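Given the sequences, and given the hints that come with them, work out the whole structure.
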Amino acid sequence: MTEERPARFEAVYRQTYGQITAYAVRRCAVPQDAADVVAETFAIAWRKVDSLPDGEQALLWLYGVARKVLANHHRTDNRRRARTVELDAELTDLYAAAPESGIEVEAVARVFATLPDDDREVLALVAWEGLDREEVAAVLGLTRNAVRVRLHRARKRFARALAEAGVRTDRLVSTEGTL
Amino acid sequence: MDELETMTQTLARVKPGEPGGDPDGAGARALLAEITAYQPAERTTRRWRPRPRFALGLALAVTAAAAAVVVPSVLDDSGTYTSASWAVTKQADGVVWVRVTDFKDATGLSSRLKDLGVPAIVDLVPEGSQCKEPRAQHVEDVPKGLYHAPQNIPGVDRGWQMRVNTKLFRPGETFVWTITPLSGGGSSTSTILMKDPVAPCELVPDDRAEKLIEEFARSRSATGKGGLLEGYPAEGKPLEEVRKELDRRGLDSAFTVLPGGRGENLVVVDARQDSREGDRFVELLVKTAP
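From first to last, the protein sequence lines are chains A and B. For the first sequence, the numbering used here assigns the number 1 to the initial residue and increments by one for each residue that follows. For the second sequence, the numbering used here assigns the number 180 to the initial residue and increments by one for each residue that follows.
For the record, the hints were derived by calculation from the structure and aren't laboratory data. There's no promise every hint is true.
As the list claims (entries may be wrong) - Computed list of lysine to any residue pairs in SDA-like fashion (alpha-carbon distance at most 20 Å, straight line): (1) B:423 <-> A:86; (2) B:423 <-> A:138; (3) A:48 <-> B:430; (4) A:48 <-> B:453; (5) B:423 <-> A:143; (6) B:323 <-> A:86; (7) A:48 <-> B:216.
Claimed, not checked - Examples of chain A residues lying across from chain B (beta carbon under 8 Å, computed): (8) 61; (9) 87; (10) 138; (11) 153.
Fair warning: this is a prediction, and the values are worked out from it, not measured in the lab. Cβ coordinates follow ideal geometry from the N, Cα and C atoms, glycine included.
Right under this line is the structure:
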């Protein structure tokens, strides 16, 4: 139904815009990159509007697209994007509000940045986007079991790297065993 | 929730559970308008656009349209020029709305657009033909907001409408529209902003289908050895069936419809993969079949 497409797309766009911008801002170092990711993600969603799922699934589907866009970001730098000045400005505001700071947080951030991309993404989807295992599986295109294994390994590596960096890990190490 | 997760949470620039941007904000609205100014790719002839996909210079739309009854042109009370074929309305702010519901009176539409400040050439091109390219250099930096690509008319099941802001036209540039009524009852319209001078439309046989086939053939086959659809001969199968297989394999896809076909059903002609779209992306070339 061609006439329904813009309305349907706009509904999904409005419903997910806050979460997709948050997703991009949490993962990009500068607002311009985040704006690119947001613009490209929604542009792809519009191109594929006929395969865009309804309801809650739409958000997971968009996270999956955003993840690929982010991964391909360097490869596609020469592409012209639908990004606008207004969008850049809006996302820049989000960068002004700095995340929590403190010596320990900075140390954790440094360690987190050294983890493999796949580890970071699975940890972040759980901690930042608040997704459960099944939802992470939908975003990453994996089975729930594969997500469970991947998350377990990522947490183990994260805990070990924190310990090596001297971040107090007494309780962290014990949580490993409870997984 | 454990400490590892809590620690990860403290790293989030936008706090977990909180939204980033506001969908009612200027940024969100501008982006939405920018994106939806184009027809979505699926079920349109995306491949007819040059890359990059979002070049503003060219927009193409395929809209369904039934044959219309021809009635004489009239100037109605609201100042709208109408004929059976089209209606052009100009607002005080310089915005012109064009509605085309039938595709026979290209000359009348062309001259009326000129009267209302839209420097446009409208050519009617029969199915199976195209204007000889290139007719002129295409404008790459189309002024933002100059026009939105043809859209369906709400509540009307044929034709299309588009919005043109005449105040944004620059001297030396002309809007070139070519309209091709399709035997299946629809029409294919292209709206391209070109630099003057624009050559008249010299009809030549339409080789866009062949070019599309050639362009596809240059990408890697998806059904060949080691391809994403290895072991699944997609060619000749109905599109819906192939898309089920793509879903089953967790692959993304887009498809391009070959011009010139007849019928309602879409059948796959070729399946290729293009790493520029991602590692799990298949592009299908399809044609209409009875």
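The hints, checked one at a time:
Taking the CA atoms of residue 423 of chain B and residue 86 of chain A, the gap is about 39 Å. The hint is violated against a cut of 20 Å. For the given pair, residue 423 of chain B sits about 17 Å from residue 138 of chain A by alpha-carbon distance, which is consistent with the 20 Å threshold. With a C-alpha separation of about 13 Å, the suggested pairing of residue 48 of chain A with residue 430 of chain B holds against the 20 Å cut-off. With a CA separation close to 16 Å, the supplied pair residue 48 of chain A and residue 453 of chain B stays within the 20 Å bound.
Restraint check for residue 423 of chain B and residue 143 of chain A: satisfied, since their Cα atoms lie roughly 19 Å apart, inside the 20 Å limit. A C-alpha spacing of about 13 Å is found between residue 323 of chain B and residue 86 of chain A, which places the hinted pair at or below 20 Å, so the restraint holds. Taken as a hint, the residue 48 of chain A and residue 216 of chain B pair is honoured in the structure, with Cα atoms around 15 Å apart against an allowance of 20 Å. Against a cut-off of 8 Å between C-beta atoms, the interface hint on residue 61 of chain A is violated, since the closest Cβ of chain B lies about 10 Å away.
Taken as an interface hint, residue 87 of chain A checks out: its beta carbon lies about 4 Å from the nearest beta carbon of chain B, inside 8 Å. At its closest, the beta carbon of residue 138 of chain A sits 11 Å from a beta carbon of chain B; the interface hint therefore is violated under the 8 Å criterion. With its C-beta approaching chain B no nearer than about 13 Å, residue 153 of chain A sits outside the 8 Å limit, and its interface hint is violated.
Checked against the numbered hints above, the structure violates hints 1, 8, 10, 11; every other hint is satisfied.
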